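Chemist: Line order of the protein sequences matches chains U and G.
Residue 2 is where the first sequence starts when you use this note's numbering, and the numbers rise one by one after that.
Residue -15 is where the second sequence starts when you use this note's numbering, and the numbers rise one by one after that.
Calculated from the structure, these hints are not laboratory results.
All values derive from a computational prediction rather than experimental measurement.
Some hints here could point you the wrong way.
Here are some chain U residues pointing at chain G (derived, C-beta under 8 Å) [to be verified]:
# : residue
1 : 164
2 : 165
3 : 196
4 : 199
5 : 200
6 : 209
7 : 212
8 : 213
9 : 248
Example chain G residues on the side facing chain U (calculated, C-beta under 7 Å, incomplete) [unchecked claim]:
#  : residue
10 : 10
11 : 58
12 : 59
13 : 82
14 : 96
15 : 98
16 : 115
17 : 117
Quick reminder that beta carbons are idealized off the backbone N, C-alpha and C, glycines included.
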Amino acid sequence: MAGAVRGTLVARRRRELWLGIVVLVVLAALPFGVGNAYLRGLIVLTLLYAGLSQAWNILGGYCGQISLGHALYFGIGAYTSTLLFTRLGISPLLGMFAGGGLAGFAAFLVGLPCFRLSGHYYAIATLVIGMMAALLAANWDFINAAQGITIPFHGESWANLAFRTAILPFHYVMLAYAALIWFVAWLIEGSRWGFFWRAVKDDVAAARSLGVSIYPSKLAAAAISGAATGIGGALYAQYIGFIDPDSTLDLSLSVLIALPAVVGGIGTLWGPLLGAAVLIPVQQLSVAWLGSAAGGIDLMVYGALIMALALARPEGLVSFFHIRASRGATGHG
Amino acid sequence: MGEPLLEIRGISKSFGSVAANVDIGFAVAAGEILGLIGPNGAGKSSLFNIIAGEIAPDRGEIRFAGQEIAGIGAVACARLGIGRTFQVVRSFDSMTVLENVMVGAFLRARRSAAAMARAGEVIEFCGLTTRRDVPAHSLSPPEKRRLEIARALATRPRLLLLDEMLTGLTPTEAQAGMRLVRDIRAQGITIIMVEHVMEVLLPLIDRAVVLNLGRKLLEGAPAEIVRHPEVIRAYLGDRYGG
Chain U
2 MAGAVRGTLV ARRRRELWLG IVVLVVLAAL PFGVGNAYLR GLIVLTLLYA
52 GLSQAWNILG GYCGQISLGH ALYFGIGAYT STLLFTRLGI SPLLGMFAGG
102 GLAGFAAFLV GLPCFRLSGH YYAIATLVIG MMAALLAANW DFINAAQGIT
152 IPFHGESWAN LAFRTAILPF HYVMLAYAAL IWFVAWLIEG SRWGFFWRAV
202 KDDVAAARSL GVSIYPSKLA AAAISGAATG IGGALYAQYI GFIDPDSTLD
252 LSLSVLIALP AVVGGIGTLW GPLLGAAVLI PVQQLSVAWL GSAAGGIDLM
302 VYGALIMALA LARPEGLVSF FHIRASRGAT GHG
Chain G
-15 MGEPLLEIRG ISKSFGSVAA NVDIGFAVAA GEILGLIGPN GAGKSSLFNI
35 IAGEIAPDRG EIRFAGQEIA GIGAVACARL GIGRTFQVVR SFDSMTVLEN
85 VMVGAFLRAR RSAAAMARAG EVIEFCGLTT RRDVPAHSLS PPEKRRLEIA
135 RALATRPRLL LLDEMLTGLT PTEAQAGMRL VRDIRAQGIT IIMVEHVMEV
185 LLPLIDRAVV LNLGRKLLEG APAEIVRHPE VIRAYLGDRY GG
């Protein structure tokens, strides 16, 4: 009997893992089919956002706590690793984990008061805290305020995670990042914590009646989500070579981190990657073609696309593929 | 009957100026099925939620398995071995039946293989095996009630609180539900059932506590309860608005 019980759920999780490996191999081979440098850059950015949005999804999708302030954790990761490198000469390979750790701690601290709030108030509180942090950073001389920090380049180096001429290394860096966060989400889905977090998302009173502590569950999800976001921020800083509050802490970034998961399928393993694969190219191309100076037409196109997707597929893009369609169709009842 | 599993003394609870419970006291022996009955507004739900830890009483004591539990909270109550269902069914709708029950099993299990095995047992016990891998939101209302019971049983409770589990069921479904309750008791689990429809409950329970207007009217065996003039008055009064 026990064997039969294990059947479907275990098989489904194994299938997801195999699919993950196949997708990883395909994405690893992708640059060899794409010669165009602009397109390659687009793919790098898409992979970064797939990882970032998966990080957001750990808190927003699995635990149901919608954060509109994830740029804060992204910025903490970017600034921590950059400052450690420029001021102390510590490699970003280590710095990104320091940044991740600090970002995770920040997410925990933000959660301490904010998870006392329920429902939409958490989203609003994170939005306000994120905007406040961006303002403070823009006036904080220790981190060069609004001028930002340029990361000095001492030649191509894996040890310093620095590449200016070749884009291929960053393809694999971002792919490794996206794959790592995907794997973390996969592990969470099958773990005690993952079950508790989803219970918290679906019904707080029922979760409590089964012995699930709500507040610590939310804090743990926030810390892991924040840490994963912070690592992405550090990688972004190395990729671009320059950070300032505008590019690492702005509210629009918080939205950009959340959107792929929401459009792709919130609380699903594949939603963030699918969402990023659609949204990031469209966003970048609409800026390139229509120009960000032209009165925000690019944003209108972008907004129209999101509305069209939301109307056509309220359960997210994953429902096209019938991957865990049952899970996608949730939480709105 | 030895040391009771649950002992309630002097429980009072007010919501604003409304006294939901006034000085309630009774005891439940291990292995007993106790009915908590009374017309609408009698204070059953309030008392039920106080025992489950979901709300704290203003005054009074609750001893469960030798421990004082009044006001310790629902999570602590679940850990000590009090399981419950809800009057309005609360399923985790983004999960399958198996995953719903696994949440409960994870209270005692660290590893997911152990939680899955426990959940499988309970699902079979509750007659939901054929529905194991369907999303919880696609279950029929009686199936959802069974799911709630399975989820609570997965936590290995010593005391199970059932909130109007027979209400709204067809006679056939109610019969099946009553069989399930007897099977649960046969496993050594003590049960408190809240119902406001007295008739369905009487053949099932060992003893009843009758509440009316926030106070305990009386307690006793089902046969004594139905004959009692105050019970008849309370129910008829409620029904006919007298």
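Chemist: Which of the listed hints are not met by the structure?
Modeler: Going through the list in order, the structure violates hints 1, 2, 9, 10, 15 and 16 and respects the others.
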